[in-house]
Amino acid sequence: MTQLLFILSNPPGSSVYAQEAFDAALAGSAFSNIAMLFVAAGCLQLIEPRLETAAHQRKDFQRGFLALPDYDIQDIFCCAQSYKDHHLQTASLVVQPALLSQPEISALIERADSVLSF
Amino acid sequence: MKFALSIQGSPFTSNSLWSALKFAQACLNDGHHIHRVFFYHDAVLVANALQAPPQDEMHLTAAWQDLGQTHELDLCLCVASCLRRGILDDSEAHRFEKTASNLAPGFNISGLGQLIEASLVCDRVVTFGA
Amino acid sequence: MILHTFNSLNAYRLHGHRPSDHDLILLIEDGVFLVGEPNLGRDHRIRVLSEDLDQRGLRAPSAITLISYQDWVRLTTESQHCVSWTG
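Chains as they are written, first to last, in my numbering: chain Z, 1 to 118; chain D, 1001 to 1130; chain X, 2001 to 2087.
Note that these hints are calculated values from the structure, not bench results.
Computed from a prediction, not measured in an experiment: that's the story for all the values here.
Think of the CB as a built atom: it goes at the ideal place given N, C-alpha and C, for glycine as much as any other residue.
A couple of the hints might just be wrong.
One side only, chain D facing chain Z, incomplete, derived with CB under 8 Å [claimed, not checked]:
| no. | residue |
| --- | --- |
| 1 | S1006 |
| 2 | A1080 |
| 3 | F1096 |
Here chain D is said to cover these stretches of chain Z; the calculated rule only asks that three of the stretch's residues, wherever they fall, bring their Cβ under 8 Å from a Cβ of chain D [claimed, not checked]:
| no. | segment |
| --- | --- |
| 4 | 17-28 |
| 5 | 105-117 |
Could you put the whole structure together from the sequences, leaning on the hints where they help?
Okay, here's the thing in structure tokens:
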């Protein structure tokens, strides 16, 4: 089956880009098999927000990650180095990604039918 | 080959709309087909008809309109990105009871499904990031 | 072969290690500022978008391959994917 790879590199917080990228991935899942790959500061999206929506400028869209199985999205990956750099091993995450080394990331990109970067 | 372009950067803080414009021209000159140009994130701001840039500055909106018209391109904006940033066509302006619409001619507003469809049917997708 | 584009110095700092040995690296927009790095010409995977270099008034060492938009389109058709990295 065709697989779209979404590469997510924007941190949550000040910019709405991470939230909009998540919307794109959800839209993708309606039409195709998708994989999500979090890289660099994008992996910070995986941390569970502590503020309710009303108390914060940005929507805590990451709670939507809990619904990923309902969208049939199983392939949630994170760059292992980024995960380590941002100390995610000690953070409370909304979803636990599969950690990939750089050669594994390269293989994932090569396997994908289409790659969308956000 | 069949291309899809995905553009994400703001007209004012990024080069992405310019890079994509030049890439699209080169693509068409080479005889390739551009299935769709999808504007996402702040890139939708290019379709604001109410911009009035100084005359000696590059008018990206006009440049995209020219290219779109000449080659009958599908210049498609993400509706969610547009609504958030105040880019409205007549029907959205009516739906949200706004006093005016401001979508520049030559662009159209549609859903994210258009980006996904383009990614599935095109040979190459090129992203112009913010 | 994957064509990786980098549009800023930060994009390259964050993701410059991701391209494989058989991939190509294209510096565009503010990514062209990287031409100031010593030894960049030794990386045979590097291409620089000539127009973006000119626009910023920069010159690249002769070891670096400059390309046009037309070349970028051709490289895209020859690649499996064109992957954009930002930062």
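Evaluation of the provided hints:
1. The closest approach between the C-beta of S1006(D) and any C-beta of chain Z is roughly 7 Å, which is under the 8 Å cut-off, so the hint is satisfied.
2. Among the interface hints, the one on A1080(D) holds; its C-beta lies about 6 Å from the nearest C-beta in chain Z, closer than the 8 Å criterion.
3. The criterion of a C-beta within 8 Å of any C-beta in chain Z is not met by F1096(D), whose closest approach is roughly 19 Å, and the hint is violated.
4. Counting residues of the segment 17-28 of chain Z whose beta-carbon sits less than 8 Å from any beta-carbon of chain D gives 6, enough to reach three: the coverage restraint holds.
5. Using a Cβ-Cβ cut-off of 8 Å, 5 residues of the segment 105-117 of chain Z lie near chain D, which meets the minimum of three, so the contact claim holds.
When each numbered hint is compared with the structure, a violation occurs for hint 3 only.
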